[in-house]
Amino acid sequence: MRSFYRPGMLGVLVSLAIFAGNAVSAEGAKPSDFEALVASPDRSDADRQTDQRRQPARMLAFTGVGKGMKVLDMGAGAGYSTELLARAVGTSGVVYAQESAAVMERVKDKFDIRAQNPAMKNVVHVIRNYDDPLPPEAKGLDLITFFFAYHDVTYMPVDRTEMNKKMFAALKPGGFLVIADHSARPGEGTSVSKTFHRIEESTLRQEIEAAGFKLAAEADFLRHPEDPRDAAVFRPKVPVDEFVLKYQKPQ
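Going by the numbering used here, the first residue of the sequence shown is number 230, and it counts up by one from there.
Rather than coming from a laboratory, the hints here were simulated on the basis of the structure.
Careful, some of the hints might be misleading.
[Said to hold, decoys possible] For lysine-lysine, the following BS3-like pairs were computed, each having C-alpha atoms within a straight-line distance of at most 27 Å: (1) LYS299 <-> LYS368; (2) LYS443 <-> LYS368; (3) LYS259 <-> LYS350; (4) LYS443 <-> LYS395; (5) LYS394 <-> LYS299; (6) LYS339 <-> LYS350; (7) LYS368 <-> LYS337; (8) LYS368 <-> LYS401; (9) LYS259 <-> LYS401; (10) LYS299 <-> LYS339.
Keep in mind it's a predicted model, so treat the numbers as computed, not measured.
Model the full structure from these sequences, guided by the hints.
Written out as structure tokens, the structure reads:
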């Protein structure tokens with residue numbers, strides 16, 4: 230296993246211990262549990278290409294998603310993660326796929342095509358602003374995912390403080406927020422979010438934790454310390470360094 234891309238051996242050991250306790254034992258999920266789901270023959274070739282860099286079986290295991298759960302997929306876009314989550318929660322669960330109207334103008338056709346797949350029957354498509362992402366009846370969620378889109382909202386007309394408060398309120402006590410994004414260099418904050426589509430991990434952590442979320446685990450399966458983090462994430466010369474964090478709403 231590659232080491233965590235964070236200074237200090239104590240932090241590494243603590244993170245590994247938390248990951249083992251929360252992402253596997255407590256949630257009862259392992260990557261192998263999701264390999265058959267990812268290998269479903271009705272998934273698209275395009276999604277299988279995306280799988281190569283996103284490692285969806287490991288990501289699903291880390292989230293702890295399971296049958297019957299109520300899930301919010303923030304920044305769902307064309308629905309790659311939404312469909313995987315929908316398959317994981319099954320017909321007894323529900324996935325709210327949130328996206329802003331502005332973004333949906335660009336990806337609506339792709340989402341609409343995906344929505345025709347029977348695996349998407351338990352998905353509720355929610356076109357709402359990021360800082361007001363859910364209708365009032367969507368509450369008591371088990372899980373929120375926010376994959377590779379938090380950096381985007383930093384240059385959109387979004388009140389991130391309000392957005393994070395709304396996510397916190399939507400979760401049930403003990404529920405989880407799993408957030409992943411492309412890593413910027415120390416000191417860059419949100420300054421390269423629009424140009425490089427990256428965000429400094431410490432900046433994101435501070436904003437999420439200010440809403441009341443408590444860090445439960447972090448994973449290194451998308452870490453690439455060889456990435457100099459000095460260029461845009463599209464068509465990279467080396468794999469992009471990405472962080473994956475799991476937060477919990479206190480009981």
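Hint check results:
no., hint, in the structure
1, LYS299 <-> LYS368, "holds (9 Å)"
2, LYS443 <-> LYS368, "holds (19 Å)"
3, LYS259 <-> LYS350, "holds (25 Å)"
4, LYS443 <-> LYS395, "holds (16 Å)"
5, LYS394 <-> LYS299, "holds (18 Å)"
6, LYS339 <-> LYS350, "holds (16 Å)"
7, LYS368 <-> LYS337, "holds (25 Å)"
8, LYS368 <-> LYS401, "holds (7 Å)"
9, LYS259 <-> LYS401, "holds (23 Å)"
10, LYS299 <-> LYS339, "holds (24 Å)"
Hint compliance for this structure: no hint is broken.
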